[in-house]
Amino acid sequence: MVVVKFYNNSKFRRIFFQVFILVSFIALIVFIVNNMFANMEKRGINTGFRFLTSESGFGILQSLIQYDETSSYGRTFFVGLLNTILVSFLGIVLATFLGFFIGISRLSSNWLLRKLTTVYIETFRNIPILLQILLWNTLFRRLLPPSDLEILPNIYISREQLTIPEITINPFFYVMLVVFFLLIGFIFFYKKRAEKKLFITGEGSPVFLVASVLVVGYFVVFIALRNVSFNFVDPIPGRFDFETGISIIPELFSLSIALGVYTATYISEAVRSGIESVDKGQREAAVALGLRKSTIMKTITIPQAMRVIIPPTTNQYLNLTKNSSLATAIGYPDLVSVFAGTTLNQVGQAVEIMLMTMAVYLLISLFISLILNIYNKKSKIVER
Amino acid sequence: MAMEKFIKKPDRKPPKLIQSGPISWLLKNMFSSVTNSLISLIAILLVIQSVPFLVSWFLVDATWQGENRAACVENSGACWLYIREKFNLFIYGFFPKAEYWRVNAAAILFFVLIAPLFFKKFNFKLKWGLSVMVLYPVLTFILFYGGVAGLEVVETNKWGGLMLTVFVAYIGIIAAFPIGVILALGRNSDLPIAKYLCIGFIEFWRGVPLITILFMASVVLPLFLPEGVDLDKLMRATVGITLFQSAYLAEVVRGGIQAIPKGQYEAADSLGLNYYHKVSNIILPQALRIVIPSLVGTSISLFKDTTLLLIIGLFDVLAMVVATSADILWLGFEPEGYVFVGIIFWIFCYTLSRYSFKLEEKLSFKKN
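First to last, the protein sequences are chains H and W. Just so you know, the first sequence maps onto residues 250 to 633 in the numbering used here. Just so you know, the second sequence maps onto residues 1495 to 1862 in the numbering used here.
Don't read these hints as lab results, they were simulated from the structure. For each residue, glycine too, the CB sits at the ideal point set by N, CA and C. Take these hints with a grain of salt, some might be off.
To be verified - When the alpha-carbon atoms are kept at most 25 angstroms apart in a straight line, the in silico SDA-like pairs for lysine to any residue are as follows:
no.: 1; chain 1: H; residue 1: Lys-441; chain 2: H; residue 2: Ala-535
no.: 2; chain 1: H; residue 1: Lys-364; chain 2: W; residue 2: Ser-1518
no.: 3; chain 1: H; residue 1: Lys-529; chain 2: H; residue 2: Pro-552
no.: 4; chain 1: H; residue 1: Lys-364; chain 2: W; residue 2: Thr-1845
As the list claims (entries may be wrong) - Among chain H residues calculated to face chain W with C-beta under 7 angstroms, some are:
no.: 5; residue: Ile-270
no.: 6; residue: Ile-281
no.: 7; residue: Asn-284
no.: 8; residue: Asn-288
no.: 9; residue: Trp-360
no.: 10; residue: Pro-377
no.: 11; residue: Leu-379
no.: 12; residue: Leu-384
Stated by the list, open to error - One-sided and incomplete, this derived list gives chain W residues near chain H with beta-carbon spacing under 7 angstroms:
no.: 13; residue: Asn-1523
no.: 14; residue: Val-1714
no.: 15; residue: Ile-1805
no.: 16; residue: Phe-1839
Construct the complete structure from the given sequences, taking the supplied hints into account.
This is how it looks when you write it as structure tokens:
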């Protein structure tokens, strides 16, 4: 029998390497933490999260929750987080619509449309997003009127802000909300029944017509009764600024437009490759069945393409959310700007603050990849 | 020959169709249906509205010559005079004027060094290419920083403009490569501790925005280093960018490694190759070849991301726009600056992406 030296034994090697990696990793961590505490002590930096409860002492241009100078740093964190979510949400909505439109247009039979969308994609994806944000912001500042201008009744716009009436909700609004959900429920029920009827008797029902009449009717009533569901406090121009009304800073728009326009180029590529991934035979079979072009797109192509479209699109949503942190370059008060920027400068506890900020983004991306994994499992092609 | 006699000739010509010419092309490609015609009309309207405006802003009404700001104010178009005036700042940053030749020399050196790669008969392409990749940034750094052979020292806080952008992007891409490959191998390994450490590392860097990493590099990294070790701002940012890029590279390389069929591993094992030889001679050469287009893709992303250096106060080419437009003599020409820098980035990124596209076609052709 050949005697294998112990250091050539594969089992020994496995364990040895792993122990070696682990020990060096732990040593590195210990080294860093040691240095950190030594450095912090030397520079007189506090440790711990107590700073979160102390008074911030600075104002924020735009916040979705009650906030002023006397609020705590903990509240600053949430104001920033909510602003990040707001701008990302607006950007995502824009990117999705634009991305789908461009992606489908790229496969259009119309030559001019195809060329224009190619120009759009090649232009906006090859220019850094930060540059685009700065450019949009400058253009907004240039093109908006210098002093408040009433563009619609009680809506004012200027370089500094967009001012709209303050809105408070009356109890009647909840009635309208319940009616809305009932309406949606009814439409779904009606659609199900129409499908059943179609399969049994072959008779179609005007589902689309009924649904659109109901929805449009609802909105007409909603707008007619707006003063019952809401209380509007119109903006009154004061001596320097508006005394009432909600003001929205233009950075919100320049940031979300820049993010939306940039990300749409990537989403459109995902949409295009998704549609192209659907087997040609599927479309041909649908044509052979005599389905209309729009029906083929809606019921055959898109549902199958979605499997390919959704994962990269979700990743782009994540990228957009991460890119929204560039807000700090134009002074939009997002999480990085107010917390990792202003708060860090005032408190100086860099480690804790950066840890919290990074944790937020990590949690968002973990959450999204979790949802993606579930979706991927569900949407796998089940074969016989 | 004789057969042709028996083939019956068609007694009439097929119906004449207009199948060529601009009108039939238009009918087919732009006005094939009512919807298509409508779309075309809207698109034409869009082009008519925007193109003349852009042409007049860019060229017709633009100011190309003059002495100072006053020349620009007269015209409604772009003020390219401002770009001409600040051109050196955009390219070299605050690098001392007398030392500009060092930057130019570095750029020329690059093309001289990669020139052999374009000769078909040159036999050491891979070795030459790899050594140039590794040695070039070292040479460039020495050339820029100076301090040897009588070159005057230029501190890194004077570096700026396009030169800084390209330098940081280059270092980030090259230095991230070995780390990325190791991480990718680690993630694919069957040693659980190595595997999960690599997964944790990769997911951490991919999960956070680059801007937080740069903040961390500029404010937290100094706390992590032992006393007496001091990295300057540019070095810290480069470390952050490198680690960030290595996580993205790792995912790209992993894709390549996973595409290698199992038989390749088994063949290597049955030949008795150890892990090092298996990976470096069998797996990686094939895996890296597959992912070359994606490698170019991540490199483009990184190049665009270097603009974020502006936020931590380094003067990359975009930051130079912000800095020069605050010059009292040239106030208010940010749009021109942004457009100029945008064109620079566009040329770089578009060329690279075309190149990667061509490469993809070439590689997939070889496989078949």
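- Query: Which numbered hints are broken by the structure, listed smallest first?
  - Reply: Violated: none.
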